[in-house]
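J.: In order, the protein sequences belong to chains A and B.
The numbering used here numbers the first residue of the first sequence as 1 and each following residue consecutively.
The numbering used here numbers the first residue of the second sequence as 1001 and each following residue consecutively.
These aren't lab readings, by the way, just hints derived from the structure by calculation.
Values in this document were obtained by computation on a predicted structure and should not be read as measured data.
Taking lysine to aspartate or glutamate pairs in the EDC-like style, the calculated list, with each CA pair at most 20 Å apart, reads:
hint	chain 1	residue 1	chain 2	residue 2
1	B	K1073	B	D1044
2	B	K1066	A	E100
3	B	K1066	A	D181
4	B	K1126	B	D1047
5	B	K1126	B	D1173
6	A	K67	A	E260
7	B	K1031	A	E214
8	B	K1126	B	D1079
9	B	K1066	A	E107
10	B	K1066	A	E214
11	A	K127	A	E182
12	B	K1073	B	D1107
13	B	K1066	A	E182
14	B	K1066	B	E1149
15	A	K37	A	D48
16	B	K1030	A	E214
17	A	K248	A	E155
18	B	K1073	B	E1146
19	B	K1073	B	E1037
20	B	K1030	B	D1185
21	A	K37	A	E49
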Amino acid sequence: MPKLPNLPAPPLPGPLQEPPPRPGEQNGAGGPLEDAKQAGITTVAWLDERTSLSGAARWMMFRKVPKGTNWFYTLGSATMFAFLNQAVTGVFLAMYYRPEPGGGAYESVRYITNDVFLGQFVRGMHKWGASVMVVLVFVHMGRTFFFGAYKYPRELNWVIGVVLLILTMAMSFTGYLLPFDERAYWATTVGVNINGTGPLIGPYLSDFLRGGAEIGGTTLSRFYAIHMLLIPGLLIALIGAHLYLVAKLGTTAPPWKKSEKRRELFEAEV
Amino acid sequence: MTGTAHTAGAIAAGSFLLPALGFAVGPIFKKNVIRWETVGTVDDFPDNNYIPTVLTVTPGIGEAGKTTVYVRKYNPELDASSSDNALPFIAISDRCVHLGCPVRWVDAAERFICPCHGGVYEMLGKPIAGPPVRPLDRFYTRVNGENVEIGARFSVNSLLRRFSPRDPGEPLDGIGQYLYPSRPDARK
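Model the full assembly from the supplied sequences, consistent with the hints where possible.
T.: Below you can see the structure in the form of structure tokens.
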């Protein structure tokens, strides 16, 4: 069947005619899906016109990666997701937790575990997630070491990573006291006293950690403040620097991947 | 202008950083109030065996602020060699000087035994096995009428000579007393 030619629209009086599309608008009816897409594009364009963030996002997300990149290269991201899990669950635990040494801390943790809806689950995510994060940090560190990915020009990123490892351990140490049960109390006693065995500054360090000569009310609130304000701030800042350097310097090829020989050398050998 | 602005910025930053720092390290220099606490009457304690008593070291935080003190009467046969001649009662802290776990007095063995890492101390609190680095800490004692009162903590070296209180894990013999300074408020 031959295609009919497009006939001109019948002449209609002005108010009844469809208004012509504005510049930049899609021609014709797109439906709600098209409208949503357009709204998204418009929003992103509005933001980008004022911030120029799309360049940074492209720089971060569309990078060249060497041949041989494999699942081992996702360990850093896995660690970061473990950290995000700790951050999110920690924020919600803080809504119920009370750092009172006279029984209030223990009671609030008992309340979270037994009475709050999904409380046991969220607390479990935070508790087990902490161990997962420590394990992932070490596996990630081992991957970097055995792939030789700490070498020039990535030494600074290794150093930042070591600081992140220390901060993660400090998070584990300060978080352990917060339930304020027997295990928490005695583990912190032992941990603080290990700090105190350092010559010359040890006694001052343990007094600083306890907030006095004995474990007491100031110790708990001090550990809580360090655990949820001081170290998380440092961790977020240093993770940002860590990621910036990864994007800036690029990742390394795995050590078993040989670089390809240049063509002229190849022919000369043959 | 630049120099003035930098100075103003430094003053502004210092005006909140310095007080915050003082806030954080202040407790190191806090003066401890010495409290005397009655733990029993003179007749409650024999001179050849320890009786456990409970002492409040940090008031206002319930069970977490309490500690156990093992008390017996001064015994000239046992204690002649120590420097505690002036004290009417021997009060030994249950805080293990390895890393601070609570030791318990085992009557049958006449030993203080620590559950955490196997520290063992004899009758006078001197370490005889395991990792502890000095004898168990003691407390000042006095008799007030019929009551036995316990005061401040002090540490002892292997000759049972008195030192201002030190944390666990800090040896007091030889160079140890200089490597682990006492806290500022305890110095005379």
